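Chemist: For the sequence shown, full-length UniProt numbering assigns the number 1 to the initial residue and increments by one for each residue that follows.
Some clues are possibly wrong.
[Stated by the list, open to error] Listed next, the in silico DSS-like pairs over lysine-lysine satisfying Cα-Cα at most 25 Å (straight line): (1) Lys250 with Lys415; (2) Lys415 with Lys274; (3) Lys13 with Lys63; (4) Lys534 with Lys328; (5) Lys431 with Lys420; (6) Lys722 with Lys762; (7) Lys228 with Lys438; (8) Lys568 with Lys579; (9) Lys492 with Lys460.
[Stated by the list, open to error] Label-pair distances were calculated between CB atoms; the ranges are: (10) Lys415 with Asn546: 54 to 60 Å; (11) Pro663 with Glu773: 28 to 34 Å; (12) Pro562 with His445: 37 to 43 Å; (13) Asp60 with Pro449: 50 to 56 Å.
Don't read these hints as lab results, they were simulated from the structure. Here the structure is a predicted model, which means the values were calculated and not measured. Note that CB positions come from ideal geometry on N, CA and C, so glycine has one too.
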Amino acid sequence: MPLIIVESPTKAKTISRFLGKNYSVLSSYGHVRDLQKKSLGIDVEKNFEPQYIVPEKAQDNIKALQKKVKTNKEVILATDEDREGEAIAWHLDTVLNLHGKAKRIVFHEITETAIQEALKNPRKIDTDMVDAQQARRVLDRIVGFKLSPFLWDKITMGLSAGRVQSVALRRIVEKEREIQAFKQKEYWTIIGQFKAKKSSSVFEASLESKEGKKIKQFDITTEKQAHKIVDELKQSSFHIASVQQKEKKKSPNPPFITSTLQQTAGALLGYTPKRTMMLAQALYEKGLITYHRTDSFNIAQSAISDVRGYIQKEMGTEYLPATARFYKKKSKGAQEAHESIRPAFDTRHPFSKRHPDKIKIDTPHKKLYTLIWQRFVACQMKDAIQMATTVDIQASSGYVLRANGSVLQFDGFTKIYPTKLSENILPHLTKDEEVQRKKITPNQHFTQPPARYSEQALVKDLEERGIGRPSTYASIISTIQERNYVTRNQQKKLEPTEIGTLVNDMMVEHFPKIVDIDFTSHMEEQLDQIAHGKEKWQKTVGEFYNPFMKNLEKKTQEVKKPTQKTDKTCTKCGEPMEKKMSRYGWFYACTAYPQCKHTESTEEDAGKELNIKCNECGKAMTKKRGKYGVFLGCSGYPDCKNIINLDQDENPIDQESKEETKPCKKCGKPMVKKMGRFGAFLGCSGYPDCKSIEPLLPESSKELAIPEVYCPKCIEGIVTLKFTKTRRYFYGCNKYPACDFALWDRPVIKKIPGTTDQKIVKCTACETGVMVENKGETCSNKECKNHAKAKSTTRKTKAKKI
């Protein structure tokens, strides 16, 4: 029996459904080899030979695959069609000792037709694509592994640098500086309200020109100028100088590619690029959409025929263009061999009652699929048509005001795809007709600073500049946020942190090539050339490595740790204070260090503005910055060490309560409410002699508790309600770390027949998972058919911090 190996269990399950018992389909569970983590993982002397290892978490699965390969004469590698997928296939070929004998198949969509067609046309592993992926991985490792220690030494520990992420960070920092440098400018516009004699409706027109000269945005910059024009207009009579009508067509957008899917899902559904890709991955693996990492607008001819037939049948011939629409990608690096993102099977909406295979998936997946379906159907529909009317109103004082109107004449593709087409209906007006002035209003405006990037806008910017590729956009943005270089504000816009700005400035000054947009874009083109077999990957890496290392060695010797002299003196020893940088921002440090280790927050005066007094000694509380962020500390430190924690918006949280609760399980002393970096908890009043702590549960969480039952994995431990550091609950064995049994959902517990004991119910279908409460009873094992039937409803509860 032929053995097919794919990356994910879900993908394996979908393919098995189509191929039945004629094939064995197994999963590699993602990557099977990676570079060593504790070293560079690259032998520079051996022409940058990567030193791969099989991660511990993948070893058991690899052993299982190796046994399976021995009993199957034919092995087919069906990993994804991009460079990452090709590399996984190559790694599988190596670790399974296939020696290039395995067949390689690829498909744009997981449908029975596509898979059968791929099986008829197997090929060898594309080593050029593998080399391109290796080159990217090696380049990224060199930059990260070599630059990070430099940042630790010159700024602070815990920092890291990324090849492409550093360019994204630079774009955000530059945008922030544009905003800071922005100077507001005042300007005025003038709006008139008019009424035609034969109509009761009032319409608006804005000041356009005077005596043939167009009035530009900054021609009226003061209130005095504006009121002078208003006075002139109030003394004028008005008539229609011209009426022009023009048909305007709006064409549908191309089908989605990775970047436009991320942008549109963000704008319409509020999804981040990372979430969009996770949902799209699941839709692809379930066989609902074509491959979601693509930068090509290509559409399979069969899909075009299918959708055109659907449009004609469901919406009528008037919505169907005479010929199919084709789209071409204009940006750099487009891989036209791939397809756009579209529905992967019957064009009829899979959630309609009329569909023979009505699909059952949860709401977020359904929303994203619906958006993809709408966009694809719309891209093959006719243009929307509006009739645009432009009316110029002549004033006797020489001014001209202009009114614009539009009426939708044919909805076209907007019938199915959410598109804003503004309508403004003007009354019927004719040339030379006199109109009555109802009102003239001056309006003051101020120019606005450039908008910060949203995640979706940053994706668009990176794509236009040739930075990154479809598979990397989401990870680039999530990485710079995880490193605390960038934060997402309440308006969901990206702002650089202090540490992010400092890291960027150091990179720009000392490693300009790494953060140079043109250089990074050129490197992406080089990787494309390697994938097409036109460049050798070792040559590309070598051309980068040698000058990079030479510059790094030079800068390591020359660059000093950034500090700033200040006028402050140390309140402890009287020596001067200087500003230094930690991973959490700037702070004041005594220059007598290490003899004097006194530090102060750069924001200490902000505490006085809050007018908060210390409840221990009565002195003012000041803002300070510690290891875990900003807090309020007593200005009487070190005599008084009282602190007040702040929430995410930097509002004070109630100070620790001395209210006694239940007795400590370890020593019997009362437990008291305390506040830690992850929120409120119960701590023993006998601290530090007794360090017992317990989670502080609200009344609503008591229903989460379960009776005492033995762990089904180790049989010795007891499964109890537990909490993560961030106070999210789960159920786990009390023998941890000896036993790692854990569940996010509440387990199903039933009495053991003939006894008073209870146990967690095991799944009878797979015999590996246990039954949990998740809109009914479902298996905890994601690979079990019982698990697939359930929709995650308790997941929302699980994510709450309590």
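Chemist: Hinted pair, alpha-carbon criterion (25 Å max): Lys228, Lys438. Please report holds or violated.
Modeler: OK: Lys228 and Lys438 at ~18 Å, within 25 Å.
Chemist: Compare the distance between the alpha carbons of Lys534 and Lys328 with 25 Å, and conclude whether the hinted pair is satisfied.
Modeler: Holds, at roughly 23 Å.
Chemist: Between Lys415 and Asn546, is the Cβ distance one that fits in 54 to 60 Å?
Modeler: holds, 59 Å
Chemist: When you check the alpha-carbon spacing of Lys568 and Lys579, does it fall within 25 Å?
Modeler: Roughly 10 Å separates the two Cα atoms, so the pair holds.
Chemist: Check the hint pairing Lys415 with Lys274 against an upper bound of 25 Å on the C-alpha distance.
Modeler: Measuring from Cα to Cα gives roughly 30 Å; hence the hint is violated.
Chemist: Check whether the Cα positions of Lys722 and Lys762 lie no farther apart than 25 Å.
Modeler: holds, 21 Å
Chemist: Do the beta carbons of Pro562 and His445 sit within 37 to 43 Å of each other?
Modeler: The hint (37 to 43 Å, Cβ to Cβ) holds, given that Pro562 and His445 are roughly 41 Å apart.
Chemist: Between Lys13 and Lys63, is the straight-line Cα distance small enough, at 25 Å or below?
Modeler: holds, 21 Å
Chemist: Quick one: are Asp60 and Pro449 within 50 to 56 Å, going by C-beta?
Modeler: holds, 55 Å
Chemist: How does the Cβ-Cβ distance of Pro663 and Glu773 compare with 28 to 34 Å: does it lie in that range?
Modeler: Holds, since Pro663 and Glu773 (Cβ atoms, about 32 Å apart) stay within the stated range.
Chemist: For the pair we were handed, Lys492 and Lys460, check the Cα-Cα distance against 25 Å.
Modeler: It holds: about 16 Å lies between the C-alpha atoms, which stays within 25 Å.
Chemist: Between Lys431 and Lys420, is the straight-line Cα distance small enough, at 25 Å or below?
Modeler: violated, 31 Å
The earlier numbered hints that this structure contradicts are 2 and 5.
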